[in-house]
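Top to bottom, those sequences are chains A and B.
Be aware that the first sequence starts at 1, since it is given in the numbering used here, and climbs by one per residue.
Be aware that the second sequence starts at 1, since it is given in the numbering used here, and climbs by one per residue.
Hints in this document: simulated from the structure, not taken from any laboratory.
Fair warning: there could be bad hints in the mix.
[Unchecked claim] Simulated pairs of lysine-lysine, DSSO-like, Cα-Cα distance not exceeding 30 Å:
1. B/21 <-> A/192
2. B/12 <-> A/187
3. A/227 <-> B/204
4. B/94 <-> B/109
5. A/192 <-> B/109
6. A/342 <-> A/423
7. B/126 <-> A/179
Nothing here was measured: the structure is a model prediction, and the numbers come from that model.
Here's the letter readout for the chains.
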Amino acid sequence: MEFLLPKGVRIIPPALADSRERIKEVIASVFRRWGFRRVVTPTFEYYDEVYRKLDNWLNGGIVKITERETGKILVLRPDFTPQVARIASTIMKDYPRPLRLFYYGFVYRWPLNGLEKIEKETYQAGLELIGIEQPEASSEMIAIAVELLREFKIEGWRIVVGHAGFTKALLEGLPNDKKSIVFDILKRKARKDLYSLDISESKHPDILRDIFSYAGDVTVLSYLMRKVEGREDLFPIVKELRVIYGFLERYGLTKGVVFDLSEPRGMFYHNGFLFEVFAEGAGRSIAFGGRYESLMEMYGRKEPAIGFGVNIDDIMDVLSAMKSLPPSHGVDFLIVDTTESKDKGVSLASLLRSKGYSVARDIIKRDINDSIYYAKTVGIRKVLVITDELLVMGKVRLVEIDEGRDMIVDETTFVNTYGLGRKVL
Amino acid sequence: MEGKRIKVAIPKGRLLKDVVKLFSSIGIDITDTEHSRRLVFHYPKYDISLFLVKPFDVVTYVKEGVADIGIAGDDVIEEIGGNIYEPLDLGFGKCRLVVAQREDFVMEKDILMLKVATKYPRITEKHYSKKGIPLDIIKLYGSVELAATCGLAHQIVDLVETGRTLKENRLIEVEKIMDVSAKLIVNRSSYNVKYSPINDLISKISSVLED
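Isolated chain A, as found in the complex (with noise of 0.2 Å):
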């Protein structure tokens, strides 16, 4: 018999699965302190006309099955922004706006031909903002990153900053098997290529030109936005840029924020402000964001949304890299009850759990010591071990594991201690 695993799922023990769930809980903390309401996404979706692009532009990575009733194509959900956007326009479409709502839970994926990353099930956060076409709403993504940057003490972070709508006008003017070379080069940065590349019927050949060199800190905007003056199409793009940036000045948040107007990168539906954040640790980005009114469209209803997502384990990383995992839960206390009724173990179990604790029961006959072992092993902070001769006396004995005690104390004394007061966290 063999026990193979699928390669890129993962199983997680307890320890880490806690850190995972507080990772989780914080970010969704962060969310809901923005004003923003989760709302729960079904796993399966039919394989409509939206994963159907999706499908195409992740080169077949979404995850298909059948519905036995119908025989239609269902998917895994490989994306939460398409499912929100739906809900959006669809049961929530007469609801006021703004919309602030956030997400989490596993997306599905198979790797992009095996050139990205392994994981074909990754645990995402994210939020949406529908209804706010103002550039202030895209400041609140940068906002709202920065402030769980902050929450995770991640230092050493950079947000880059770009437009898809920029790329996007420069390639204009090109025949297409041209624009995906061009496209192709600003993925890679292949500063060469685009120099030994005839560009010269695209609509802003000097621009394109330079490409590379507009990146840097808001300096490049500035350099930009007198370049471009009187460009219908780039003007107010990178005017925009400028706004959401003021308006991240006035918030005193422009430190670890660069622009990149170079970056095509972005999911399809993307057509406005784009944004991705990078910290040590984790070799690729551990958010990603954007604006998205074509996806919007595509469910019927055109009105602005933007939106980012976490991958929660890329921010483990980070966070394992900087040796600031969160602590697990583990549990309080072991109870060992050696007498024939255990009524005592039992009624003190049951005072503690009231009382907040997290407790288990020993049960197995066993040397006390080995019982003391198995708590420390496992990551119990406190044996409570309950014997007739102590009990006799009014006594229990109690090994604190961490402080190294191990003391016999009087039960009035323990109750005292543990059982009046709830647990402080």
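Once you've looked at the hints, dock chain B against the given chain A.
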């Protein structure tokens, strides 16, 4: 973090001499990599560390972010693939990836299955997929020419620098798939998180390349 050490994956073998030369031209002496069996080299003086890896593995180290930057040929970049930046063509390690076969091999019109031996199964599959020929790719780890000579495969896909090896094995080049030269590759996260040191290094290298 800014100012932190840059981790560089450099390829053992054919390209190493040129890499050492390139680094020395920007004032970084890494000659000890040529005469040692160590795999990791620290140069606190220049704020860099080097990992000496097989040419095929450079891209893997960089795309996973274990190394911030690396030096790899287009053949390896294309074969391994990944979401990486390739800001500089270093101009050395020039060669080409070609399809070759025995001088006397004639492709039949209705060939049942074309057998192609290569170290580059992905590039090979992509290349032949445009032709619509039923294909059997035989993955080899070296001396690929031999596969065509001794009849293991009808054709081979391999790197050719001068063409001498092909000639000596009585093979002829029938098609060029791509030109290859060494590229400086950069992990996207490192590019942003270590922006200043990496960009300083890129401009230093770029200035000596232009000379």
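Taking the hints in turn, this is what the structure says about them:
no., hint, result
1, B/21 <-> A/192, "21 Å, holds"
2, B/12 <-> A/187, "27 Å, holds"
3, A/227 <-> B/204, "28 Å, holds"
4, B/94 <-> B/109, "34 Å, violated"
5, A/192 <-> B/109, "41 Å, violated"
6, A/342 <-> A/423, "24 Å, holds"
7, B/126 <-> A/179, "21 Å, holds"
Checked against the numbered hints given earlier, this structure breaks hints 4, 5; the rest are met.
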